[in-house]
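On the provided structure of chain P, position chain B as indicated by the hints.
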Amino acid sequence: MYVIVAGGGKVGANVARSLLRIGQEVTLIEQRRDRFERLEDEFEHQVQRGDATELFVLERAGIARPPDIVLALTGDDEDNMVICQIAKEKYLVPKVIARVNDPRNQAHFDLLGISPTICATSSIMALVEHEVPEHDLIHLLELRKENLEIVEVQIDKDSPVAGKRVEGLELPEGARLISVMRGGQAEIAVGSTTLQAGDQVLAILEPGKEDELRRVLLSR
Amino acid sequence: MKALVIGCGRVGSTIALTLHSEGWEVVVVDENEDALSRLGESWPGAFVVGHGMDTDLLREAGIEDADAVVAATDGDNTNIVIGQVAQKRFGIDCVVVRVLDPARAEFYAGRGMRTVCPTSTAIDALMETVRTCDVPRIEVR
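From first to last, the protein sequence lines stand for chains P and B.
When we follow the working numbering, the leftmost residue of the first sequence carries the number 9, and every step to the right adds one.
When we follow the working numbering, the leftmost residue of the second sequence carries the number 94, and every step to the right adds one.
Excised from the complex, chain P in its bound form (with noise of 0.2 Å):
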């Protein structure tokens, strides 16, 4: 396989590294002088030195055999979004996976198409939120090219279905619960689960009908 890796610091560097110890044929760019001759060092052929938002550094890195895979992983968001879509729609390459340095600009990747993305800031505050006892609704996935999203739902003792059995819940529609965590253990919900207070419940649904969720599962 493939994989032009832009943008050559701790993330870029590192994912190139990995690629090349799992036998992947790799070109890692990078900007700046210093970077790039640390890189050379290491990378030495593998490791070529230019701004990949411009045509002729991509074109230098094999940008148009195509990759199996471009990785977008400067730290500048706006380079990631272009480096994407030149990539995507210019030169055909079939899978590009950005970086989001600052989560704000999530919503300018998906308005672009962009996908997927990894924001290192999103995914600690899922695993914070995970922690907060007062987070309800904890979303742990999202499938954005299926449309969908599994979430966790803490069961407390005054939700209205805590002793109900699932097949007798009134789910919204495009939404199934996938699982129980009760004690440690994890079961698959079928429709004769019965649901208890301090369940920790798994679901899948459609984007934007988590309050809805939240009515049926805790009334709130």
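Treat the hints as calculated values from the structure; they're not laboratory data.
Keep in mind that the hints are not guaranteed to be accurate.
Stated by the list, open to error - No more than 30 Å apart at the CA atoms, straight line, and that leaves these computed lysine-lysine pairs for DSS-like:
{"#": "1", "chain 1": "P", "residue 1": "Lys18", "chain 2": "P", "residue 2": "Lys96"}
{"#": "2", "chain 1": "P", "residue 1": "Lys217", "chain 2": "P", "residue 2": "Lys18"}
{"#": "3", "chain 1": "B", "residue 1": "Lys95", "chain 2": "P", "residue 2": "Lys98"}
{"#": "4", "chain 1": "B", "residue 1": "Lys181", "chain 2": "P", "residue 2": "Lys153"}
{"#": "5", "chain 1": "B", "residue 1": "Lys181", "chain 2": "P", "residue 2": "Lys217"}
{"#": "6", "chain 1": "P", "residue 1": "Lys103", "chain 2": "B", "residue 2": "Lys181"}
Said to hold, decoys possible - Pair by pair, the computed Cβ-Cβ distance ranges are:
{"#": "7", "chain 1": "B", "residue 1": "Gly143", "chain 2": "P", "residue 2": "Arg25", "range": "32 to 40 Å"}
{"#": "8", "chain 1": "B", "residue 1": "Leu193", "chain 2": "P", "residue 2": "Asp164", "range": "55 to 63 Å"}
{"#": "9", "chain 1": "P", "residue 1": "Ser123", "chain 2": "B", "residue 2": "Ala202", "range": "32 to 40 Å"}
{"#": "10", "chain 1": "P", "residue 1": "Leu119", "chain 2": "B", "residue 2": "Cys187", "range": "13 to 21 Å"}
{"#": "11", "chain 1": "P", "residue 1": "Glu45", "chain 2": "B", "residue 2": "Asn125", "range": "25 to 33 Å"}
{"#": "12", "chain 1": "P", "residue 1": "His143", "chain 2": "B", "residue 2": "Arg152", "range": "21 to 29 Å"}
{"#": "13", "chain 1": "B", "residue 1": "Ala202", "chain 2": "P", "residue 2": "Arg40", "range": "26 to 34 Å"}
To be verified - With the Cβ distance kept under 8 Å, some of the chain P side facing chain B (calculated, not the full set):
{"#": "14", "residue": "Glu62"}
{"#": "15", "residue": "Glu86"}
{"#": "16", "residue": "Met89"}
{"#": "17", "residue": "Ile94"}
{"#": "18", "residue": "Lys98"}
{"#": "19", "residue": "Asn113"}
{"#": "20", "residue": "Ala115"}
{"#": "21", "residue": "His116"}
Ideal Cβ placement from N, Cα and C applies to all residues, glycine included.
The following block gives chain B in isolation, referenced to the frame of chain P:
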């Protein structure tokens, strides 16, 4: 008619002043508060401090009822993203984007963006001027 000018450097500030003199209501956005001084002592239009990729800030600057948006920051990619946000999120027809790199300007022009490339314009003007110089013809053997 209302215009949003993002980026208040030499280019953006002059565009803002010119549009204003032609009767437009102009809102200027720049990250740097000091850029306001480029608009002169008595700039009558609005000036919003912040980054042009910040959607809330664009709303605050009144992008929703703007007739035209000019993206003229010093970053090509910033302008390209702002231009697409203005076009696709806010549905603005007249979006003009400054892109210094001719290759990127051409690529995005092909995707329906009004890009203006000062580099290409300068090359054309320079070449035209060179051609008009009265110099002895080079004999090609």
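**Report entry** Violations among the numbered hints
**Finding:** 2, 3, 9
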